[in-house]
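**Q** Since the structure of chain E is provided, determine the placement of chains B, G, P, X, Y and V on it from the hints.
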Amino acid sequence: MGLRKIVLDVLKPLKGHSIPEFAETLISVEGVRRVSVIVNEIDVETVTLTVTVEGPDIDYGDLKETVERLGAVIHSVDQVVVESEEEEE
Amino acid sequence: MGLRKIVLDVLKPLKGHSIPEFAETLISVEGVRRVSVIVNEIDVETVTLTVTVEGPDIDYGDLKETVERLGAVIHSVDQVVVESEEEEE
Amino acid sequence: MGLRKIVLDVLKPLKGHSIPEFAETLISVEGVRRVSVIVNEIDVETVTLTVTVEGPDIDYGDLKETVERLGAVIHSVDQVVVESEEEEE
Amino acid sequence: MGLRKIVLDVLKPLKGHSIPEFAETLISVEGVRRVSVIVNEIDVETVTLTVTVEGPDIDYGDLKETVERLGAVIHSVDQVVVESEEEEE
Amino acid sequence: MGLRKIVLDVLKPLKGHSIPEFAETLISVEGVRRVSVIVNEIDVETVTLTVTVEGPDIDYGDLKETVERLGAVIHSVDQVVVESEEEEE
Amino acid sequence: MGLRKIVLDVLKPLKGHSIPEFAETLISVEGVRRVSVIVNEIDVETVTLTVTVEGPDIDYGDLKETVERLGAVIHSVDQVVVESEEEEE
Amino acid sequence: MGLRKIVLDVLKPLKGHSIPEFAETLISVEGVRRVSVIVNEIDVETVTLTVTVEGPDIDYGDLKETVERLGAVIHSVDQVVVESEEEEE
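Residue numbers (the numbering used here), protein chains in the order written: chain E, 908 to 996; chain B, 908 to 996; chain G, 908 to 996; chain P, 908 to 996; chain X, 908 to 996; chain Y, 908 to 996; chain V, 908 to 996.
Bound conformation, chain E alone:
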């Protein structure tokens, strides 16, 4: 019953953490193994990111909290993959 993959549409202020720092902070979330960040649009004060988080059992509450602690906002959840314990991808 683990959350294996989640794709988020995220709005991040331009100022503050760099993209590599942002990704490196998310990797520390419980159950996360891989974070990929694609920059979609750069505006005057913000950047729109597609954040793909993968791992054996991602803690979504912790992930959401960490994104917000970094000053960013989750616009929407674009995709979610859940798998039962018996089958590992």
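Everything labelled a hint here was simulated from the structure, so no lab data went into it. Remember, predicted model here, so these are calculated numbers, not experimental data. Among the hints, a few may not be true.
To be verified - For lysine to any residue, the following SDA-like pairs were computed, each having C-alpha atoms within a straight-line distance of at most 20 Å:
#1 Lys-912(V) with Ser-935(Y)
#2 Lys-922(B) with Thr-932(B)
#3 Lys-912(G) with Thr-957(P)
#4 Lys-971(P) with Val-951(G)
#5 Lys-971(X) with Val-914(V)
#6 Lys-971(B) with Lys-922(G)
#7 Lys-912(Y) with Glu-931(V)
#8 Lys-922(P) with Arg-976(P)
#9 Lys-912(X) with Lys-971(V)
#10 Lys-922(Y) with Asp-916(V)
#11 Lys-912(Y) with Glu-975(Y)
#12 Lys-912(X) with Ser-991(V)
#13 Lys-971(E) with Lys-922(B)
#14 Lys-971(E) with Gly-923(B)
#15 Lys-922(B) with Gly-968(E)
#16 Lys-912(V) with Gly-978(Y)
#17 Lys-912(G) with Pro-927(P)
#18 Lys-971(V) with His-924(Y)
#19 Lys-971(E) with Glu-928(B)
#20 Lys-971(B) with Asp-969(G)
#21 Lys-912(B) with Val-951(E)
#22 Lys-912(Y) with Asp-950(Y)
#23 Lys-912(P) with Val-946(X)
#24 Lys-922(Y) with Gly-978(Y)
#25 Lys-971(B) with Val-936(G)
#26 Lys-971(G) with Ser-991(B)
#27 Lys-971(P) with Leu-921(X)
#28 Lys-971(V) with Pro-927(Y)
#29 Lys-912(Y) with Asn-947(E)
#30 Lys-971(P) with Gly-923(X)
#31 Lys-912(V) with Gln-986(X)
#32 Lys-912(Y) with Val-946(E)
#33 Lys-971(P) with Val-946(X)
#34 Lys-922(B) with Val-946(E)
#35 Lys-971(G) with Thr-932(G)
#36 Lys-971(G) with Lys-971(P)
**A** Below, chains B, G, P, X, Y and V alone, put in the same frame as chain E:
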């Protein structure tokens, strides 16, 4: 004679369960191993989802019931794959 | 000299069997191992389906009969693959 | 020096043999292992087919004769693959 | 220093050799293992072919001569792949 | 917690280092194994490059410094992939 | 720190060496294993080529000199891949 894969077009109220919670509830349906949810459209009060459910022998009655118990509606069945016992994908 | 794959364009009345039931009935046809049904168009009273049937030696007569017994009509055969005994895919 | 693959554009009368029967007759041609027939266009009295024939050493004369014996006409040869004996695909 | 692959744009008179015969003659060229002929355009008196020739060490002089002996003309060389002896594809 | 991949949009003066020299200097950055440079646009005095840097644990500070020491400017970070130690790609 | 791949946009006079001869001369450059030449455009007196050179450690100076000795001009470097010694592709 097992139902291996089913793709559903689902309408879910925005309020209520989050997408990760929605997917995590479907994984508990009899015979389901993997649930992937893609968010296609976000309206004022609802979201349109493409829900792909995979497993060795999915119980469609239980799946339908679980989707509805979560307050969502199956708009249409988009794809179905059935395989006989002798051949496992 | 076995019929390994056949793709059919099928018209099914909306009322009656559900798509999963329709696919589960076709899997019981002689020589069939896998049935995939894609829903292409939903009209007021009918659905248009692309039905892909695979197996080591599909009995086309039995398949056609089963489709019709379910109240559906084969519009056209879109693809056929035949292989000789020596080579299994 | 074997003919391994040939793709034909074929015109077949609608009446007469069904597509599965047509494909099953071609598989009996000398040196043929696999026949795939795709239906491209259905007219009032004829169907236009893309017929892909594969095998270790296809006898093109026999293939052509068999197509014509079935009442169909080869419009054009669209692709041909020949390989020398040393290298089997 | 072997020529491993060459793609030719060839103009062939409609009359004369059939496409399978044309391909079967090219396979006899020194160092050729596989010949693929795709028919691009059929005009009143000629056909335009894309001829892909592969082998461990194709003799281009012999290939050109053979194409011309068959009454066809090389319009252009579209692609060439050369590899040194140490690395075989 | 290593930075495995970073894609940069870089502006480089035409004069100065050649593209091969530019790439060969970036490979010396701590934790970098592979540098791919694609030239997107050539202007009168500058070239726009997509620089993809991969490695087990890329030092982004060192990378940024090296790019700037070569007289180039990082326009934007287009993609970042971070992986935790347990999983190597 | 080896140059593994370089893609060049090259202008070659129509007269002089044939495309196969051109490719066969480049394969002799130090550190080159594979040369692929695609013909993009044929003008009255020149041809525009995309030349992809691969090898374990390509000597770019020698490559450039060889291209020019053949009477051709490097219009631009389109892509470059460099890898450190530890990782061979």
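**Q** Taking each numbered hint in turn, which are not upheld by the structure, reported in ascending numerical order?
**A** 4, 5, 7, 9, 12, 16, 20, 21, 22, 25, 34 and 36
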